[in-house]
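S.K.: Just so you know, the sequences run in chain order A and B.
Oh and the first sequence: position 257 is 261 in the working numbering, straight run, nothing missing.
Oh and the second sequence: position 33 is 1321 in the working numbering, straight run, nothing missing.
By construction, these hints were calculated from the structure, which means they are not laboratory data.
Ideal placement from N, C-alpha and C gives every residue a C-beta, glycine not left out.
All clues stand as given, with none of them false.
Here are some, though not all, of the chain A residues that point toward chain B, as calculated from beta-carbon distances under 7 Å: (1) T87; (2) Q94; (3) D112; (4) D255; (5) S259; (6) R402; (7) Q405.
Footprint (simulated), chain B over chain A, 3 or more residues, beta carbon under 8 Å: (8) 195-204; (9) 391-401.
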Amino acid sequence: MKQRTLCSAILVAGLALAGCGSATRPASSPSDSGKVTKLVVWDWKSGDAAAASYIQKAKDDFAKKHPGVTVEFVAQPFDQYYTLLGAAIQAGTGPDVMLFNGGGQIRDRVDSLLPLDQYVAEDKQRLAGWDAFSKDGKIYGAPVTLQGHPIYYNKTLYEKAGLDPASPAKTWDELVDDCATIKQKTGANCFALGNKEGAGIQFFMSGLGSGILTAQEYDDWIAGKRVWDSPNVKQIFKLWKEAGDAKLNNDGANSTAMFNDAFTIFNSGKAAHIIGLMSDIGHWKDFSEFLGADKVGVMPSPVVTSGTTPNLPYDGGIGYAVAKWAKDPKTAADMVRSLTTTDALTSFYSDAGAIASDTTIDVSQGPVAVGTIVSQIKGGKPALHVALSSKTLDLMGRLSQQLLSGSATVDEVVEQLAASDRAS
Amino acid sequence: MRSERLAPYVLVAPALLIIVALRLWPLLLGVNFSFTGDGERNGAMVGLDNYLEMFQDATFQSALRNVGLLVLLLPVAVAIPGLLATFIYLRVPGHRFFRSVYFFPAVLSPVIVGAIFNLMLAFDGSLNTVLAVFGVGPVDWLGDPDVAMFAVVGVQIWATFGMALVVFLAGFATLDSALLDAARMDGASLPQTIWHVIIPGLTRTIQFVFVTTMIGMLTSMFGLLYVMTSGGPEGSTYLPEYYIWIQQGQMNRPALASAASTVLFLIMLVVGLLQISVLRRAGRED
Chain A
5 MKQRTLCSAI LVAGLALAGC GSATRPASSP SDSGKVTKLV VWDWKSGDAA AASYIQKAKD
65 DFAKKHPGVT VEFVAQPFDQ YYTLLGAAIQ AGTGPDVMLF NGGGQIRDRV DSLLPLDQYV
125 AEDKQRLAGW DAFSKDGKIY GAPVTLQGHP IYYNKTLYEK AGLDPASPAK TWDELVDDCA
185 TIKQKTGANC FALGNKEGAG IQFFMSGLGS GILTAQEYDD WIAGKRVWDS PNVKQIFKLW
245 KEAGDAKLNN DGANSTAMFN DAFTIFNSGK AAHIIGLMSD IGHWKDFSEF LGADKVGVMP
305 SPVVTSGTTP NLPYDGGIGY AVAKWAKDPK TAADMVRSLT TTDALTSFYS DAGAIASDTT
365 IDVSQGPVAV GTIVSQIKGG KPALHVALSS KTLDLMGRLS QQLLSGSATV DEVVEQLAAS
425 DRAS
Chain B
1289 MRSERLAPYV LVAPALLIIV ALRLWPLLLG VNFSFTGDGE RNGAMVGLDN YLEMFQDATF
1349 QSALRNVGLL VLLLPVAVAI PGLLATFIYL RVPGHRFFRS VYFFPAVLSP VIVGAIFNLM
1409 LAFDGSLNTV LAVFGVGPVD WLGDPDVAMF AVVGVQIWAT FGMALVVFLA GFATLDSALL
1469 DAARMDGASL PQTIWHVIIP GLTRTIQFVF VTTMIGMLTS MFGLLYVMTS GGPEGSTYLP
1529 EYYIWIQQGQ MNRPALASAA STVLFLIMLV VGLLQISVLR RAGRED
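Could you build all of it, start to finish, from the sequences and the hints given here?
M.R.: Shown next as structure tokens:
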């Protein structure tokens, strides 16, 4: 009997220990010395077939520099990524190198990341989009792609409506007129809009912002000096509401998902324009597959406030960062550098269609839309919505739905957003 | 002899230890964590700050209102499987067919169910197309804040009532058929039979279904909400569980999420205990 008691106790202890164990490996403190033989990288890209050659080239480059180190890529599901990462960070465990979206997602977590300035100095000129991976003057991630919000249009619909696809509208009023013609001749809406998740307003704000805010207001906004009740900032939300009221958008925008319903509406020719992405979904390559590569146009923001100069809104899209607890920061940073070599990023551009952060990649063989986007990168500015905190963006999504449904006024919306922006 | 006395404790110990180590202890850690700060105040004790912030948050208020709505809709969610089970038990024509059909949605993943109903309830979806034939609509089922929550709850009931139906059918197996025969002999109508024979006979089953359905609604609607509305429009379909996920995953506020988890746990505890006591009293009167 005694033996049975002992067995039970051992069994319970074993179960308890197994239960308490974690799926992630224990954290290694920087003080651990010795040669690092394994690096763990978390992302949501390496499982994607379109990114396979990109990852392989990065691995090969790293293997050349560090033959004794094995690299394990762990592809996490994107919709769970930050939840899993947050749990790993909270528990003090997690990967050495990890992928981030630029902007709030990485800035909120810089406490757990290693500044990379000294490691990426050589890459600074070659790559664009660093700002989205920086906080307080320090770089925490190296950009892999650029993410921005070009206004795409369907040239076939323009042709059917008797408009010249080579010269899209330059002002907002012209755009509204063109859209009226398109609606009349083809039945298509002006904009494909998905605002189910509240993301539509972000695209709208950034896509059209440079035609609404003056250059000074734009720069001030990015620098954190945001005057929410100024006429031009209010104009963004007024225009959003007016576009909804004037039925420029597809029906039911508040119940249409941006990914992938709104893109499907544009792809199927039911809307003439969409404020899309540069990488690596809802972009020129996706649209080209449905509309034909030469039928996808990219236009600058129409001018809403006279005297403004429209430009391409973009930031660093996704990029890799190094955890503070990485055993060997230099090796981990080298992995990040391998993931941003010209060779690897060229593969990512050609296979996945992403506009890569590397400004030296030759895109001359690509479709016109790519050439237009890339030519605008130099004169582009950071997107307006990326400067806002996750909390303000979340609120803006809900308020934008209220504007469309008519349950809030523009004044109420900017007042609430100003309060949230001040608090963040 | 001494070891004989110890044996029961040892036999219970594994279950007890697992519950304490893997349930109660993490629960206490979570509650403790909810009194700490996020971001710059990470790890510092902040008292009730998270709770105060949460109760002032419009989306959390919306989540709490929706919990109230679920409690109000609970009798409907229980009555539907109860009635259908009764019809199957009373052997309506085709009852074997209906039994399997009714259970079928219960084996589908909420993501699949959500995706199917997304297509049906879309603004240009099939339901609005059908309504248009009758000159009604269109209704923005998932885009109108006054309608969306009812649409999602309706889908949740459709997707999950099969399990409750099976529980009811199991309850019917314990029902004394002599009572039903007696009611039939006395000329009782169907509503009379249900009210005076079936409901009193199934009190315990109804209690069980009430509690499990409520817990299911509060903790298992995440998949549907995520796929169908993402908490929107205008935050009208938030539930505490979705709020917890958003705060933890999207806003990087794990301590605030723990506070919301603690509140959800207390809500479930209170609602569960209230239901049990109310239903027990109702059962006793019968």
